[in-house]
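Make the complex out of the two chains shown on their own, each in a separate frame, by following the hints.
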Amino acid sequence: MGSILIKNGTVIDTTETVADVFIEDGKIMRVGDCSGVRADKTIDASGKFVLPGLVDMHCHLREPGFEHKETIESGAYAAVKGGFTSVACMPNTDPVIDNPALVRYVSVRGEEAGYARVYPIACITKGQKGAELSEMSALKKAGAVAFSDDGKPVTDSGVMRNALEYARTFNMLIIDHPEDPAVSGDGVANEGANATIAGLRGINRAAEEIAIARDIVLAESLGAKIHIAHVSTAGGVELIREAKARNVKVTCETCPHYFCATDEEILSYNTNAKINPPLREQSDVDAIIDGIRDGTIDVIATDHAPHAADEKNREFDLAPFGTVGFETALSLAYTYLADAGNIGMTDIVRLMSHNPAKLLGLPVVYVKPGAMADVVVFDPAREWTVRADELSGKGKNCLYDGWILKGKVTNTIVGGKIKC
Amino acid sequence: MFRKKDLLGLKDMSAEEIISVLDHAAGMKEAFVGGKPLSLLSGKCVTTLFYENSTRTKNSFETAARFLGARTMSVTVATSSVQKGESLIDTGRTLDALRTDAIVIRHSMAGAPALLAANVKASVINAGDGMNEHPTQSLLDLFTMRDKFGTFKGLRVVLVGDVKHSRVARSNIWALSRLGAETVVVAPCTLIPKGIEELGCEVSYNIEDALIGANVVMGLRIQRERQKAGLFPSLSEYNSEFGITAERLYGICENAIVMHPGPVNRGVELSGDVADCENSVINEQVTNGVAVRMAVMDILVGGR
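Those sequence lines, one after another, are chains G and A.
Under the numbering used here, the first sequence has 340 at position 340, and the numbering climbs by one with no breaks.
Under the numbering used here, the second sequence has 1217 at position 217, and the numbering climbs by one with no breaks.
In isolation and in its complexed conformation, chain A is listed as follows (with noise of 0.2 Å):
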């Protein structure tokens, strides 16, 4: 079983480590979905840390610790107090005064869940830090997928969209590839970051070719201050050169499933018709999401 004090990337991770986390979250989903609380975490308490907005992973990581019985306390930072405001290892050390077992970080700047880890007691989840990792959403997909297919070897997985600027990319890139899967990431060159090959990812700027033998087409959302700071000419060309469409899907990799981390930018990263297509496990990964982060907290705290 993975045995740290804290779960900042699946950079650090081996094969083995994530797979323990896939099986312990199996159990834990079983207990959600069957509406069965467990009691694995009570007298515990769970923070969550956000420094930017974000709804869904907010609520999944308070839905996950109260369904283990822990407690839950919320600390929501706006990013433009962080200048001026209490720094993040003094925020740090007053969560751990109030005895928190685990923070769950949410940053905009990669690296801050490692300062926050280096300078507490706690257990220190990240819940997504920059352009780095967002190792929990990782474990999800990841999760839908073993669901889906039983095994990563041989799995042709391609990721559309931003993948300069996601999180979400790198940690899925650095799982699969150490998993056995073969990554695809497609974009305009512009929103594709000098050497992610050397993470374990091949490289495409033609989606139709990428698609081809595409087992999950998972899109990354593209926000639209991209289009602003220039990095390409407006959504709607976006859309014509790299939306996943069932046209794209139909005839290359119809059985292909749909994932996208969320939430969904419609007729941007994904056409209406496809988000809600049959193979579309966009709803499901929300629900995985949660026995996930049930798995990493009862790991990372359950036995401390």
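Extracted from the complex, chain G is given alone in its bound form (with noise of 0.2 Å):
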């Protein structure tokens, strides 16, 4: 195996400082000054970045079944690009990945690839159907780092109490998709001014507050643990935070459309703007960045959702909902919060690396020797025009297209060896 030679870039765990880094044999050996090292290949990363590699614990590389929108192989070389060493996706393929094997093919789809790791995520109930429990055990051994039936509600209160209870045996996390679909209906945008003026169906925030509420009742009674998914209202910001206050074992993620971007982009009838949970506003933006400047909000994860373009191209109601996101989340969180001066480098490596890497009980990387290797260079002083066509996953359902973003993944290490 190749050593690799990272000179001169300013490396960020839970510090910043300047330091070569020396990898060998898949490992971090030394970090430092490594003038008389002689490596097989170096990078010189003057002015750049050293990061652990990037841990997505929310994305979908729909792979069995639809295939025509992504494969593992595709998403998982999608998200080295986007600085992703490790990503975990969801289990909403066709069929659900719900059985030992169907865990294992992911697992070996995702080897095979050899791009970014991919740990396969199962469902809390068998065909995704919300109503028996899936064979927890069974799939934790099979691979499988957490439980969602996302995409989909669990909306049956006694059997996300079952599921929350039988999860904490094996000690695994459950991941709901916070959304009751008898508010949220046939809604297609956040319901607001803006939906009122394009003259598209709206989806109440309260279709994801109650679900929340309800996430956060079960586990405080149970004493069990939850994570939501995809948080995307003020009001969703504020029930966990009130809920950790009191010590709730509840964890939560959001994704870079919901500090980035509004309801405004609908108004075009973009379908990429078209994802679920909908495009907020911007007092819903602002209380997202509160909530990640304040620890409230755990990770920052991509929902990375890619559909083809004939499924995009076509009337706002019948396009699927869905933005890709490996390749840009990490230049939008450096541009939107780090550069913004709402965070530091340090925050973006524990929302975007090492909190969803503990929550999902995968190895947490540090900047140290003897770490496995998996180390993301950013340039955060290059600029760059997203073009949704040049992306390298196959969705190009890109809602960023045009954007210009600062800060560009310029090198991805997995386990010692340069993916890009």
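These are calculated hints, taken from the structure and not from any lab test.
Some hints could be false.
[Claimed, not checked] Distance condition first, Cα-Cα at most 30 Å in a straight line; then the derived BS3-like pairs of lysine-lysine: (1) G/Lys140 with G/Lys358; (2) A/Lys1228 with G/Lys129; (3) A/Lys1005 with G/Lys396.
Following this line, the structure appears as structure tokens:
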């Protein structure tokens, strides 16, 4: 295995220091002055950041069943292009990932692809039907890192109660997609002035907040842990903040689109802005950033949701929900959070690498000797324009097409190998 | 003069552009009422592409197109087949290949005309898209109001009914706010969409208060399925609280004109005596609809 020397970068994990990083045999061997060290490959990181590899705890790789949207290979490659060395993919494929054979299939396809490490999330309920629990122990043994029926909520509170307690037996995390479908109905955009202007059916924020409140109450009364996916509203952040103050074992994630975009994007019927939960209002964006600043929000995940061009290029009502997100997430976090002065780069490492790794029970990477060599080099000075058709994944449905972002991943190293 | 490829909605039109269409429609009305067909669109083809049923709007457009000398084609697509059938974009390209000059589209989904317009060479005229806009209906409403009052400045226009699902309401609010009229929408809270004030109107939950000083009272259609969806408990309760009745108009705004985009549910939005009263301009609206659509088609297609 070749050795790599990353020279003169600003190494950031819990602290920031200028140092060289020497990698050999899949491990970080030395951090500090490496002027006498010879390596097979040298990366000049002057003026760049050297970070632990990012971990995405919420993405859709679409395989099996929807390979026309994305494959595990194309998605895992897009992931490393965005600095993600580990990704956990949601089980709403076809068939859904609710048995050990399918969990192993996803893992094996991830290993064969050889880009980001791919970790399967399995279903909470058999067939994602929201009724009977999946075989959580068998799924865990096969390699599942968490359970979620993402894309669909577990609406039956009795089923969710059993899921939280049963998963606790095996110390596994339940990730809920918070949505009360009786309230969200057939809505396609955030209910508010912009949906009214566009004439689109609204999704009231209560649909999300009712589900978050329900999950908190369940977790609190059972003493179980729960993770809330893709928080998008000010009220949702506040519910979680209050619950954390009472020591409820609740954690949550948000996604870049909830801190950098509002429902103004739907006014032109841009179907890449059709996302579930929907893009909200500026006051929600501000509250999400506050939640990131004060630690209420634990994780920034992508909810990378690729779709084929023909599926998105149609009537807004008929287009599927979601935007791709791997290749823009770190640049968006840098542009809208770090460079904007809201948080520091060590916070971004916590939100996008350490916290999701801890929640999923994956190795937590510090840029220290002996650590697994999952490392990203990021150039904060590089301004670039997002071009959807130049993205590496199969899905080009990118909300940020044409946006100018600050900072770009220049190299991603997984297990001591340069992947891009 | 208004010069664009398409007419998608009034939210993108200035007061001057709207007025120019109305001015042009005045001449068209003279020709139409006088029974003198024109040849402004001879050699042109206008296609109606309706994904929702609508006899009156479709006939109005076809009458207008033929009166201008255009050929017409008609494509009717049942809404239920949208999901499994040919995509809207492919249908549009087919119509382009058939050398149609204008496509008049009615669709149950907001933004469908914009999607079509971005993908075809033909002019696209929105004949109603979901809850978004119905610009030619609003233009005919505006034409009718101007005919009666001569101006929009200071007019008080009260829209009563299912504002939430109404594209007619939205187009009228956009236009009236730009033209200097005062618009009030009246309905139970469940039929008022969030943030409607930002389009430029007031909101009232009390019809009697809202009618004070009204010059125009417009009923908006109440569809029976809204009751089934739980937005109000019964048509009779709707009518007793929000129905436009002679008693409510009498003494408050008895000189106000009464409008309705049709078809009227007598005894729900309007009582029968109001629909037939001498201040009702519902039938004039239909005639004016042809004139306005002639004007729009001439402006968009005639010069191309």
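Worksheet item: Failing hints, ascending?
Response: Of the numbered hints, all hold.
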